[in-house]
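Enquirer: So you can see what is in the structure, the chains are spelled out below.
Protein chains: 2
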Amino acid sequence: MEKFKVTFLPDNKTIEVEKDKAILSAAISAGVYINSVCGGDGVCGKCRVIIKKGKAFIPTDSILSAQDKENNVCLACLATVQGELEVEIPADSRLDFQKSQEQVFSETEEIEPLAALSEKDFRYLPLVRKLYVELPKPNLGDNISDLERLYRHLLANVNGVFFNANTDLGPYTGLVNIKQLGDLLRDSEWKVTVTLANRDGVTEVISIEAGDTSGRNYGISFDIGTTTISGQLVDLNSRKILGTKASYNKQAVFGSDIISRIIYAQEKDGLSHLHRIVVDTINEIIRELSAEHNIDLNDLSIILCAGNTTMIHLLLEIDPSHIRKEPYVPTVNFAPVIRAAEIGVHIKPRGLLYSLPGVSSYVGADTTAGVLSTGLYRQEELGILIDIGTNGEIALGNKDFLVSAAASAGPAFEGSGVACGMRAARGAIQRIRINPGDYRVDFETIGDAKPRGICGSGYIDALAQMLNCGIIDKSGKIKIEKNSRVRNSEFGKEFILVLKQDTQTAEDLVITEADIENIKRAKAAIYSATAVLIRRMGLSLGEIKKIFIAGGFGTYLDIESAIRIGLLPDIERQRFSFVGNSALSGAREALLSCEALYKAKEIARKMTYIELSTEGGYMDEYMAALFFPHTDLTLFPSVKI
Amino acid sequence: MEKFKVTFLPDNKTIEVEKDKAILSAAISAGVYINSVCGGDGVCGKCRVIIKKGKAFIPTDSILSAQDKENNVCLACLATVQGELEVEIPADSRLDFQKSQEQVFSETEEIEPLAALSEKDFRYLPLVRKLYVELPKPNLGDNISDLERLYRHLLANVNGVFFNANTDLGPYTGLVNIKQLGDLLRDSEWKVTVTLANRDGVTEVISIEAGDTSGRNYGISFDIGTTTISGQLVDLNSRKILGTKASYNKQAVFGSDIISRIIYAQEKDGLSHLHRIVVDTINEIIRELSAEHNIDLNDLSIILCAGNTTMIHLLLEIDPSHIRKEPYVPTVNFAPVIRAAEIGVHIKPRGLLYSLPGVSSYVGADTTAGVLSTGLYRQEELGILIDIGTNGEIALGNKDFLVSAAASAGPAFEGSGVACGMRAARGAIQRIRINPGDYRVDFETIGDAKPRGICGSGYIDALAQMLNCGIIDKSGKIKIEKNSRVRNSEFGKEFILVLKQDTQTAEDLVITEADIENIKRAKAAIYSATAVLIRRMGLSLGEIKKIFIAGGFGTYLDIESAIRIGLLPDIERQRFSFVGNSALSGAREALLSCEALYKAKEIARKMTYIELSTEGGYMDEYMAALFFPHTDLTLFPSVKI
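Protein chains in written order, with our numbering: chain P, 36 to 676; chain D, 36 to 676.
Keep in mind that a hint or two might mislead.
The list treats identical chains as one, so a pair stands whether inside a single copy or across any two.
Computed cross-link-like contacts, BS3-like style, restricted to lysine-lysine with a CA-CA straight-line distance of at most 27 Å [said to hold, decoys possible]:
# : residue 1 : residue 2
1 : K172      : K636
2 : K87       : K172
3 : K90       : K38
4 : K535      : K580
5 : K81       : K512
6 : K54       : K675
7 : K88       : K56
None of these hints come from the bench; they were simulated from the model.
Remember, it's a predicted structure, so these values are computed and weren't measured experimentally.
Isolated chain P, as found in the complex (with noise of 0.2 Å):
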């Protein structure tokens, strides 16, 4: 097969390719990322790029206007390289991970509005403990084997040492750890520190050290999403939270949906490819928590991840293929807890690596851990869970019965897909007050930096704003034609948030029409799939005492905007409260108590799925869903039109 090299511009990566791959293909192997929202359909059009030398083929593609094709544009997945190439990547086509190495917040205090642990439900009991003992050197009287001697002393001086009830199932250790153990006691005075897990239910010594480590003792919770992967250091020691990062999911240049990752997997190669790349990113989170914290990787020895069913497929290198299929099944919704460094992650030797259980093929193990850390599943009164990612999902229930529901949102909430959007991060607008007179914009971004680009509760806030100023009407088309705030660009009309004088890219932060069309489908899918699944249980909104709402957005979320752009329904406000990533709440729980392990799994048996998209009336829902707030203005009588 004829191969030839290609170039990437500015970032000059060179590769060489088979001819025919398409360009897009060769970006991914030279490790350049190209935004690709549609996964590679040609529909999307944001993978455009400019070949600067050389040969490729160019479909005629509609998409792509006269000038485009002047300029040598092409959309880098339906153009394929026929001979030596130099491309180059504008900025707007490329997806940029610089931000999403930065972390999300620095205080503590102010990423999660819950305790690390709610005590009054779980009790302390991490999944791993450190335990530091100083043996009784044997003796002609008393000579059992060194593994014993270390058991025994455990059994009788510590109270509740071995996890499991049942004690025939002694603590199970690995050869590595007994191989060294006759020197490692007699070199350290018998003094030792003994790492036990709760390994489902089993106990096992993942490691014996010398001296007194028992001090250093840490757990990462993940919570790995199809566009943000979030990962917190939790002190098990102290229970305290250390510090939180995230970052985009590389996997995104292969689509914004879970569908797009699915169809890749299955490609030659795909499925270890996307396995790669969520296990690179974990590492890279490993990495930077850990540093900043100056924490060993011998002292984390686990690692606890919650996470959408398809990616924890993908994570675990298992195909997803028939998760998309009719009848939607996966292949594991209780994935085995694992050594981590079977799949590559890079952690202690032998640590751990636990993934939540998943309830169905669109309702996974991120819903469970909202759930158990919102308490929905212990409530007397009825209560809903609403999670906005890119797979929205929705729990109902109380302590009676639980059931979920999915819908597909898109990645816009999550600042992905949209023309300045940007993860919740340093520099994030996350407020906007926009003056009715003078469309002023006033604005709060998150660390109080200068602004960089628009988080998904800014753009909430802007929307709502812009209805209210009547900027845009209820379709979400900009109405106002003569300011200097809007103008026309090749794909419509812009809203021009803030001049590039004030922002840190020094390039205009606008919205578009797109942009806003792209957030009326996500908040349409919600809204709709919340308001069929409360129907479909025979319930009305006024049942419901509480709203949980969770999602990447920011700090904080404003409910009002919410309202008057109907992502959420127009009932009392107090009835709502906002929890952050519920996802990552719930796995750092179950990483502080076996308890909330437990539950977890309890949850995700209990918990029953319900398909929308066989619903009669789910469409016709989502239709009358795609105005600002809602086609039916009674169901926001608070809105003031």
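Given chain P, put chain D in place with the hints provided.
Expert: Relative to chain P, chain D alone:
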């Protein structure tokens, strides 16, 4: 460092080694096995080799005769390489592993006097089960994950499918099985065979295979002895023993007792070398047993090992050095279940390897297994188990208590370290009668083959007969002079048992005075340990109602002969039972019943070890036993002298 080529004849194997390396070490590196009972201390004189060409440093050692030195004979353990060498290994110095490849017995009934599983004690609950299932296909109304579907079906349709009583501990399975599950279920039309193991009380799914393979479910029990390694293939479905194989433990090249092995393990690469040897031998036995019975290694899911504590350490590559040092502490007595592949044992890819628990440094899993299979632990009456191996072990007790002790007997009863010794295999003389008039010898061989050597029971018979005929005196010296069957050799007198024209080897089969001395020491060690242990417990022989004799002598043991030479005490014959390899029997019972495995753990925990070397009277007792049958003839009233 200067290096030289050393060629070993008649193998014609050449290896390059560093100057000053011992010829014995060079031979080991070349894969040439030289006898070495003392483990390289230069005292046993077994490793004589002839320098044919080249330069070696030969220390002046008294053990060699003047004629030896003239003939360029030296001890391989002491002579070192000083230049390019050609070394011949005479037949006498070779460790002949050829014999070891033969099956001990072809008939199952002959091998094991005990049933495959004594079901009055243990229910048939094999450690590994294979279950064929036909799963209902998923549909929109029933779309739980593939793995849950499988588990749900097993739980609903197979009574007591999961081994653990605690249902919170669902079955565990590895990622490998889950990764292939989605396609496997669909390709096989939801008809699969699940292999389940009981791993320390946790159910583990070892494999999920297409179609129905449930009829093929095998395991092998092993007894890993210092001198002999035996394996027994068991059909886990029919509970039948399909075959038994044994092989000399090729570690014997590093000395015949465990102390020599432990010393070698401390040398550079010594531990890994010893480990590899035992694993290679196990793999050889597995290969031969499975080939002979047409069994695919993929249908062999479990290996269960008994063996003394040092051998279990070496099997698992755990440093045994602390076993030898006061206060004699092994690293582990309850070794964890591991994947066989972890130590290079080739069975089903995710197949498991279990080690039975040991009691102390010198009473190992073989004794635990013997106590299990003889039922000593559940008897009302007092009983004793005397396991005659290279390390002899004695267990005494009943349902109320169990004590144990060890005695270093040497490998003579296993046919090693004696001139014409061999394992109890085809062609071994196992029964001997000598006519007191003309010293004519009648004998029986295993398999009725032409004789090839003498096994343990043959030596016991031979010595008893030689005593009865007055050929040897009570100190073991050959008394008669002028007889065609007696001659002088370099190492003293020897008695010709079979003339070369009647042997397979075309060499005379003889018993030398050195052999007699060896056997005398071995029997004295066993007898005195038994006597001291009984006395230490404040008991007398009369109170011991049942005496189980175990060991690899042959298919039978002539109790009368064993008493005549003073190996066994002189009490009513009906109190003795010969139980063959009781370690192998116990291991097999554990393969076939979880209950037996649990019981083995209980036995090992319960049994007290008594160190005889610190007992005041042991050495006196041993010295007194260095006669046939004993110094104190009142102990042997039925023996007519």
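Enquirer: Any hints from earlier that this structure breaks? Give me their numbers in increasing order, please.
Expert: 2, 4, 6
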